[in-house]
Every structure is written in structure tokens, then in C-alpha cells.
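Number of protein chains: 2
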Amino acid sequence: MINIVIDTIGGDNGAEFCVKGAVEGTKRYKNVKIFLVGHKSEIDSYLGQMEYDKDRIEVVDAKEEISPNEAPVKAVREKKDSSLVVGLTLIKDGRADAFISAGSTGAILAGGQFVVGRAKGVKRTPLAHLLPTSGEPALLLDCGANVDVKPEVLLQFAEMGSIYMESVCGVKNPRVALANIGTEEEKGNAQIKATYPLLKDSKLINFTGYIESRAIPYGKADVIVADGFVGNTIIKLYEGLSKMILKELKGAFLSSFTSKLGAMLIKKSMKNTLKRFDASDQGGAPLLGLKGLVVKIHGNSKEGEVISSIRQCVNFVESDVNGKIIKGFESYEEE
Amino acid sequence: MINIVIDTIGGDNGAEFCVKGAVEGTKRYKNVKIFLVGHKSEIDSYLGQMEYDKDRIEVVDAKEEISPNEAPVKAVREKKDSSLVVGLTLIKDGRADAFISAGSTGAILAGGQFVVGRAKGVKRTPLAHLLPTSGEPALLLDCGANVDVKPEVLLQFAEMGSIYMESVCGVKNPRVALANIGTEEEKGNAQIKATYPLLKDSKLINFTGYIESRAIPYGKADVIVADGFVGNTIIKLYEGLSKMILKELKGAFLSSFTSKLGAMLIKKSMKNTLKRFDASDQGGAPLLGLKGLVVKIHGNSKEGEVISSIRQCVNFVESDVNGKIIKGFESYEEE
Numbered sequence: 004m005i006n007i008v009i010d011t012i013g014g015d016n017g018a019e020f021c022v023k024g025a026v027e028g029t030k031r032y033k034n035v036k037i038f039l040v041g042h043k044s045e046i047d048s049y050l051g052q053m054e055y056d057k058d059r060i061e062v063v064d065a066k067e068e069i070s071p072n073e074a075p076v077k078a079v080r081e082k083k084d085s086s087l088v089v090g091l092t093l094i095k096d097g098r099a100d101a102f103i104s105a106g107s108t109g110a111i112l113a114g115g116q117f118v119v120g121r122a123k124g125v126k127r128t129p130l131a132h133l134l135p136t137s138g139e140p141a142l143l144l145d146c147g148a149n150v151d152v153k154p155e156v157l158l159q160f161a162e163m164g165s166i167y168m169e170s171v172c173g174v175k176n177p178r179v180a181l182a183n184i185g186t187e188e189e190k191g192n193a194q195i196k197a198t199y200p201l202l203k204d205s206k207l208i209n210f211t212g213y214i215e216s217r218a219i220p221y222g223k224a225d226v227i228v229a230d231g232f233v234g235n236t237i238i239k240l241y242e243g244l245s246k247m248i249l250k251e252l253k254g255a256f257l258s259s260f261t262s263k264l265g266a267m268l269i270k271k272s273m274k275n276t277l278k279r280f281d282a283s284d285q286g287g288a289p290l291l292g293l294k295g296l297v298v299k300i301h302g303n304s305k306e307g308e309v310i311s312s313i314r315q316c317v318n319f320v321e322s323d324v325n326g327k328i329i330k331g332f333e334s335y336e337e338e
Numbered sequence: 004m005i006n007i008v009i010d011t012i013g014g015d016n017g018a019e020f021c022v023k024g025a026v027e028g029t030k031r032y033k034n035v036k037i038f039l040v041g042h043k044s045e046i047d048s049y050l051g052q053m054e055y056d057k058d059r060i061e062v063v064d065a066k067e068e069i070s071p072n073e074a075p076v077k078a079v080r081e082k083k084d085s086s087l088v089v090g091l092t093l094i095k096d097g098r099a100d101a102f103i104s105a106g107s108t109g110a111i112l113a114g115g116q117f118v119v120g121r122a123k124g125v126k127r128t129p130l131a132h133l134l135p136t137s138g139e140p141a142l143l144l145d146c147g148a149n150v151d152v153k154p155e156v157l158l159q160f161a162e163m164g165s166i167y168m169e170s171v172c173g174v175k176n177p178r179v180a181l182a183n184i185g186t187e188e189e190k191g192n193a194q195i196k197a198t199y200p201l202l203k204d205s206k207l208i209n210f211t212g213y214i215e216s217r218a219i220p221y222g223k224a225d226v227i228v229a230d231g232f233v234g235n236t237i238i239k240l241y242e243g244l245s246k247m248i249l250k251e252l253k254g255a256f257l258s259s260f261t262s263k264l265g266a267m268l269i270k271k272s273m274k275n276t277l278k279r280f281d282a283s284d285q286g287g288a289p290l291l292g293l294k295g296l297v298v299k300i301h302g303n304s305k306e307g308e309v310i311s312s313i314r315q316c317v318n319f320v321e322s323d324v325n326g327k328i329i330k331g332f333e334s335y336e337e338e
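Taken in sequence, the protein lines are chains A and B.
Quick note: the first sequence uses my numbering, first residue 4, plus one each step.
Quick note: the second sequence uses my numbering, first residue 4, plus one each step.
The hints are simulated quantities; they were obtained by calculation from the structure and are not laboratory data.
Ideal Cβ placement from N, Cα and C applies to all residues, glycine included.
Treat the hints with care, since some could be wrong.
As the list claims (entries may be wrong) - Covered, in the sense of this in silico footprint (three residues per stretch, anywhere, with C-beta under 8 Å from a C-beta of chain B), are these stretches of chain A:
(1) 203 to 217
(2) 237 to 251
What the hints assert, rightly or not - Some chain B residues near chain A, calculated using beta-carbon distances under 10 Å:
(3) Glu-189
(4) Tyr-221
(5) Ile-248
(6) Lys-271
(7) Lys-274
(8) Gly-331
Work out the full structure: start from the sequences and follow the hints.
Right under this line is the structure:
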């Protein structure tokens with residue numbers, strides 16, 4: 004049985020979508036048990052309206068909430084009865100394999116580090132995101148968990164990202180690229196130049212060299228490695244720029260009667276295209292290298308995202324990503 | 004008289020557009036003299052077909068070409084008779100104030116540093132770009148000239164960018180922001196945290212704090228400061244992502260008869276919107292902090308870009324940007 008914790012506090016849409024997603028998840032995946040953590044009476048009242056397998060959904064009470072405005076480390080240390088800390092403790096205690104939350108990213112990162120802890124051999128734990136591209140989605144890591152890192156840490160990010168992409172997303176022999184400002188070997192800052200030979204020599208990955216940010220949207224790599232500062236800059240610009248361009252185009256469509264009519268006719272094909280840029284079907288952002296899988300889903304997530312994330316956790320556990328990471332990193336230590 | 008050099012070699016469209024742009028530029032700006040540097044016979048043959056003021060256009064012969072594939076520093080050192088080196092030498096010798104080229108960015112950066120040299124007090128010379136936003140364009144610097152820089156260098160970038168934006172682009176009291184991965188004061192890597200207090204204390208700028216990359220497309224700042232690695236990542240992702248989204252949408256429009264019809268109706272309003280995202284009307288990318296202005300225009304530039312860049316050079320010289328930079332930096336040294 005795969006045990007998955009769902010944090011029902013912290014999302015913009017309340018606990019209901021977590022409960023609905025959990026019930027549907029247990030229907031689709033027969034080897035899954037879900038712990039719903041949060042305000043017990045509220046969760047119970049939603050469950051009371053649904054039919055579900057009582058052996059595979061368990062409610063765990065937690066009374067405190069962590070808001071996005073709180074200092075993450077302090078909140079995690081002090082709020083022992085928050086849904087986040089109670090839920091992550093289930094992983095720490097070996098009662099659960101994975102944890103899903105729509106709460107504050109900072110608190111989830113801090114909780115992952117301090118409550119769950121790193122898997123054996125892992126130096127730092129990166130936050131990874133699947134980016135939509137004109138080809139298949141690409142995994143970008145680190146998206147902001149670690150800002151000042153050494154080349155050996157970037158090497159581990161590359162290796163963990165590659166294992167995740169192959170095992171969870173089913174990409175065979177994923178192309179791993181290092182984010183840089185040029186593609187020639189001598190390009191880049193000191194950190195990137197020192198990282199290049201490490202990735203080139205790694206036996207765990209299929210390293211294809213540098214990638215410039217302009218090539219990322221075209222799906223030229225399956226795993227893109229960057230430190231948390233550069234990765235966070237990329238993911239947030241991706242989000243901001245896509246939204247801005249679509250907003251401007253919508254504004255343009257409404258500017259005249261003719262274009263309004265035209266917009267009605269292109270609506271369907273445009274919607275299909277934009278759906279590809281929608282992250283909700285691709286599961287949440289995994290925090291890798293911990294003793295279990297921690298997944299951050301969007302604050303405005305609904306049932307669909309919860310179900311996708313459950314599938315992601317199932318793949319993660321069934322394909323033994325952490326076992327592969329630990330084994331991979333061990334082989335270096337033995338040398 | 005303002006003396007401007009135009010490098011006629013290195014653009015994708017050949018020398019003709021430079022010659023046409025130069026002739027039109029001298030018609031629009033009566034206080035401008037232009038040096039056209041490159042293959043003399045070719046330039047003369049284009050000039051022979053046009054009417055122009057012979058006192059204000061001078062052809063300077065240069066026989067060598069620098070290709071984008073050459074190592075920039077080596078090329079600049081060895082190819083003394085390249086249009087780039089010959090043209091930049093006109094600034095070094097005090098015969099010209101500004102230089103415009105569609106050639107290789109790397110060679111232009113190297114030439115600026117080694118041939119022209121830095122203005123008094125300037126530590127490093129950043130490459131700046133105007134980014135289109137949903138509001139007014141924002142100046143991003145450094146876009147890739149300096150990858151590992153100290154906080155004091157980022158401070159100078161902020162100050163030079165602010166002076167340029169106010170003097171050349173006419174933005175009163177420009178809002179200067181530092182690119183970061185969060186907006187709270189404690190966010191960021193070591194470099195950014197050390198830079199924050201310097202920008203806060205600067206008397207030369209209107210510092211508005213950190214800006215996240217997701218806010219850049221919405222025009223939340225007039226000047227955005229970053230090191231060359233982060234700045235280059237931003238500008239190239241801006242370019243790559245915009246192109247990819249528009250390509251995908253065009254593909255979607257052609258996917259059915261209905262959407263093709265719709266696309267015809269929205270064509271005009273969409274074109275107007277996209278025109279705002281077109282950099283050609285905003286002049287080229289200035290390399291700041293040199294003894295003269297060096298402007299890099301797109302490789303695929305045409306007359307329009309050359310004329311815009313001539314206007315940019317005129318504004319730069321008339322508003323005495325370099326005088327302001329030198330005076331600003333002097334005031335620090337006096338303290």
C-alpha cells in the first residue's frame with residue numbers, strides 16, 4: 004500500500020477540493036491510502052457527503068495554520084500542530100511515503116528540510132517544476148530552494164532530476180542540460196564553468212551540454228539544471244510573460260467588432276493550445292532528495308491537480324526514485 | 004556636429020540598409036555627420052544611387068570582417084582593419100561620439116572594452132536592452148557583458164541605467180529595481196543581499212526595491228538591474244518564450260477552417276499589439292560606461308533600426324549622458 008498525506012489547509016479553495024481529490028484518487032488507484040490532515044470536523048463533514056473506502060482514507064486532526072506571510076523556518080519550528088508539520092511528521096515516522104500541499108512554498112521547503120530530512124547522500128534538496136514547451140514538458144530544477152550552491156550540488160540536482168524524469172514521467176534517457184548564457188564550452192560564470200566537467204563526467208546522466216534560456220520553450224532538453232536563483236527567475240518569468248502576452252492579445256481581440264467576431268471563431272483552437280500551457284495536468288512541483296516525496300501544488304489548485312499529484316506520488320513510489328537516488332550517490336562514495 | 008559611426012559589415016542584410024539608414028538619418032537630424040565604415044567600393048556604389056549631403060557622410064574603408072564564430076577578444080586584437088576596430092578607433096581618437104553595429108555582440112563588447120575604453124570612474128561596462136512590457140519599455144542591464152560582478156558594480160549599473168533612461172528615453176525619475184527571487188528584504192542570494200543597501204543609499208537613483216521576474220513584463224520598474232548572467236537569461240527567455248507562444252497560436256489558428264476565418268478578422272488588432280513587442284522602434288542595445296556610446300542593433304536590422312539608433316545617439320550626446328555619469332561617480336570619490 005502507498006501512503007499519501009494531503010494537507011487540506013493552505014490552498015485558496017479550502018479543504019473541499021482536497022477531500023474530493025482524495026476520494027477520487029482512492030477510486031482510481033487501488034493501492035493507495037490517503038491521510039487527510041487538517042480541521043477534522045470540516046474534513047469529516049465533506050466526507051460525510053461522499054461514498055468512499057473507509058479503510059483507505061484516514062483523517063488526522065491538526066489545528067494550526069501557517070500563512071504565506073509567516074517566516075517559514077520559524078513557523079515550522081513553532082507550529083507543531085499545523086497541518087504541514089503534522090503531515091510531514093507522518094513521513095518522518097515512516098507512516099507515509101509522500102505529502103501533497105497547496106500551502107506556502109517557503110513553509111513546505113522548510114518543513115521538508117527540518118521535519119522530513121534529506122535522503123542519504125543528498126547535499127541539498129531542489130524544488131523541481133515541469134515547464135510547458137512546444138515539445139514535451141521539461142523539468143527545471145532548482146526553482147528556488149537553494150540560491151548559493153556549489154558545482155557538486157548542481158551535479159546532484161542534474162542526477163536527481165534525470166532519475167525523476169525517467170522514473171516518474173517516463174522519459175527514456177532524458178537529455179540533461181545546464182542553463183547558461185551561451186552554448187560554447189568557455190561561456191558562463193565561474194559556477195557554471197566549474198559545473199560543466201562534473202556533468203560531462205557523470206555516469207548517471209545523458210548530459211547534452213549548455214542550454215540558453217531562449218531554447219528552453221522549444222523543448223531542447225528534458226531536464227534543465229540551474230541554481231535556485233536562476234531557476235526561480237526562469238520559472239517566474241515564464242509565468243509572468245505568458246500571462247501578460249495572453250492578456251494583451253485578449254485586450255486586442257476586444258478592441259473592435261470585427262476582432263471580437265474573429266476571436267469567437269478562434270476560441271476553440273486557441274483554448275486547445277493554451278491547455279498545453281496549463282500546468283494542472285502535470286502534477287505539482289516535487290521537492291527532491293528528501294526521505295519521502297513532498298509535492299507543492301498551486302495555491303489555486305482544484306480536484307484535478309490533487310488527482311494528478313496522487314498519480315505522481317504513485318509513480319514516484321512504485322518506480323523507487325529515492326532508492327535509485329541513494330544507490331546512485333552511494334556508487335560515487337565507493338569510488 | 005554629432006559624429007556617428009555606422010559599421011556596414013556584420014548585419015544579415017548587407018551594407019545597403021546601413022547606407023540607406025545613414026542617408027535618411029542625415030536628412031532628419033541636421034546636426035549629424037555619419038562615418039560609414041566597411042568595403043568602400045560597395046558603400047560608394049550604394050551612395051552613388053542616392054542623393055545626400057556629401058559634407059555629412061564620409062566613407063571609411065575597412066577590409067576585414069569579424070564573424071560571430073570567432074573568439075571575440077582575439078578577433079578584435081588581430082583584425083586591425085576590420086570595420087569594427089576601424090570604426091571604434093574613430094571614437095577612441097575623438098573623431099566620433101557614437102558607434103552603431105549589427106555585428107557579433109561578443110566582438111562589439113570586446114571592442115568597446117579594448118579599443119574605446121571605459122569612461123572615468125566606471126568599473127565595468129554593462130550591455131543594456133529595452134524590454135517591451137504591458138506598460139512603457141523597461142531598461143534591463145546587464146544583459147550579458149559581465150557575469151561575475153561585485154555589489155559595487157551592480158550599483159554603478161543601476162546608476163548608469165537610471166541616467167540613460169532619464170536622459171535618452173525621457174523617463175522622469177525612473178523607478179530602479181533589483182532583480183531578485185522575492186520582494187522581501189531578506190530574500191535572495193549573497194550577491195543580491197549585499198547589493199540592496201548600496202542601491203538604497205544611492206543618491207543618484209530612485210530605488211524601489213526588489214522586482215521578481217514575473218513582474219517585469221507588467222512594467223513595474225523602468226530600470227531593472229541584474230548581473231550579466233541573470234540579465235542574459237531574462238532577455239533570452241523573453242525572446243524565446245514570446246516567439247514560441249506566438250508560433251503556437253499561429254499554428255492553432257491554421258488548424259481549422261473556422262479558426263482560419265477568425266484569424267483573418269483579428270489580424271489587424273493582433274498586429275498592432277505585437278508591434279508593441281517589436282524592439283526595432285526602440286533603438287539598439289547600448290553598451291554603457293565607455294568613452295563614447297556603442298550601440299548593438301539586431302543582426303537582421305533594416306533602415307528603420309539604423310534611423311532609430313541614430314536618434315538614440317543624438318539624444319545620448321545632446322543630453323550628455325557620459326558627462327552625467329562621470330560627474331555622478333566623481334561625487335562619490337570626493338566623499
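Hints and how they fare:
Only residues whose beta carbon comes within less than 8 Å of a beta carbon in chain B count, and the stretch 203 to 217 of chain A has 3; three or more means the coverage holds. Counting residues of the stretch 237 to 251 of chain A whose beta carbon lies closer than 8 Å to any beta carbon of chain B gives 14, which reaches the threshold of three, so the coverage claim holds. For Glu-189 of chain B, the interface hint holds, the least distance from its beta-carbon to any beta-carbon of chain A being 8 Å, beneath 10 Å. Interface restraint check: Tyr-221 of chain B against chain A, minimum CB-CB distance 6 Å, threshold 10 Å, status holds.
Evaluation of the Ile-248 of chain B hint against chain A yields a held restraint, the C-beta minimum of about 6 Å falling below 10 Å. Below 10 Å, beta-carbon pairs count as interface contacts, and Lys-271 of chain B has one with chain A at about 7 Å; its hint therefore holds. Checking Lys-274 of chain B against chain A: minimum C-beta separation of about 9 Å stays under 10 Å; hint holds. Because the smallest distance between the Cβ of Gly-331 of chain B and any Cβ of chain A comes to about 28 Å, over 10 Å, the interface hint for this residue is violated.
In summary, the structure is inconsistent with hint 8 from the numbered list given earlier, while agreeing with all the others.
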